[in-house]
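**Q** Sequence:
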Amino acid sequence: MCYYTKEESILKPTGIVRRLDDLGRIVIPKEIRRTLRIREGDPLEIFTDRDGEIILKKYCPIGELGIFAKEYTDSLHQTTSHVVCLIDKDEIISVSGAPKKNFIGKPVSKKLTALINGRIELTASKDDVSFAPVFDDDSISLYTHQHITPIICEGDVLGAVLFLSENKNMGALEEKLAQTCALFLSKQMEQ
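Numbered by our numbering, the letters in the sequence shown go through residues 12 to 202 in order.
Hints may be right or wrong, so weigh each one.
Keeping only pairs whose Cα atoms sit at most 16 Å apart, straight-line, the calculated EDC-like set for lysine to aspartate or glutamate is [what the hints assert, rightly or not]:
1. K117 - D147
2. K198 - D167
3. K117 - D148
4. K111 - E132
5. K122 - E102
6. K187 - D148
7. K68 - D53
8. K122 - D139
9. K23 - E42
10. K68 - E102
11. K23 - D53
12. K69 - D33
13. K69 - D85
14. K69 - D53
15. K68 - E51
16. K81 - E102
17. K122 - D149
18. K117 - D149
19. K41 - D53
20. K122 - E132
21. K122 - D85
22. K121 - D85
23. K117 - E102
24. K69 - E51
25. K41 - E51
26. K69 - E56
27. K68 - E56
28. K121 - E102
Hint data in this document are derived by calculation from the structure and do not stem from the laboratory.
Work out the full structure, taking the sequences as your base and the hints as a guide.
**A** Given below as structure tokens:
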């Protein structure tokens, strides 16, 4: 079995071989699920190629918005001067106002993932106990203020809108803009 890594865009052998059961199922090893942050119930997209290879990829409905998502974060950044990120359930798929290489495709912190999955909308500063670092290694600790609004579509959490700032408090404006963005994106996903 091989798995796809975004960083290298190549198939890497894992050395793990699994048999298909009589119902056509195969178990993805726990180590791979943990590394790729695949949880029970997560949707996986199936790809095949001409050589008979099967590639499983975490399905990201927000990621399908692609260029549209980038334009939306660009507009929000221009309006607020904050860093604006769109997150699927556990990684950043779009960012405006900060270097892409520091954000795009990186898994967000466990605390931030828990807030998103818990449907918690939050405005916090770094001094607050509820503040969630963007990444577990806190590699971008210069951001001291944040606002998080989950994106919910047809009862399912799809991701979140995240505002970050180095020195400006977040308030009602950021809250309303994030809520509007989350609602708009959820409506786009319903279509």
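**Q** If a hint holds in the structure, say so; if it does not, say that too.
**A** Results for each hint:
no., hint, verdict
1, K117 - D147, "10 Å, holds"
2, K198 - D167, "12 Å, holds"
3, K117 - D148, "11 Å, holds"
4, K111 - E132, "24 Å, violated"
5, K122 - E102, "13 Å, holds"
6, K187 - D148, "30 Å, violated"
7, K68 - D53, "10 Å, holds"
8, K122 - D139, "13 Å, holds"
9, K23 - E42, "15 Å, holds"
10, K68 - E102, "14 Å, holds"
11, K23 - D53, "22 Å, violated"
12, K69 - D33, "24 Å, violated"
13, K69 - D85, "25 Å, violated"
14, K69 - D53, "7 Å, holds"
15, K68 - E51, "14 Å, holds"
16, K81 - E102, "15 Å, holds"
17, K122 - D149, "11 Å, holds"
18, K117 - D149, "12 Å, holds"
19, K41 - D53, "14 Å, holds"
20, K122 - E132, "13 Å, holds"
21, K122 - D85, "26 Å, violated"
22, K121 - D85, "26 Å, violated"
23, K117 - E102, "5 Å, holds"
24, K69 - E51, "12 Å, holds"
25, K41 - E51, "11 Å, holds"
26, K69 - E56, "6 Å, holds"
27, K68 - E56, "5 Å, holds"
28, K121 - E102, "11 Å, holds"
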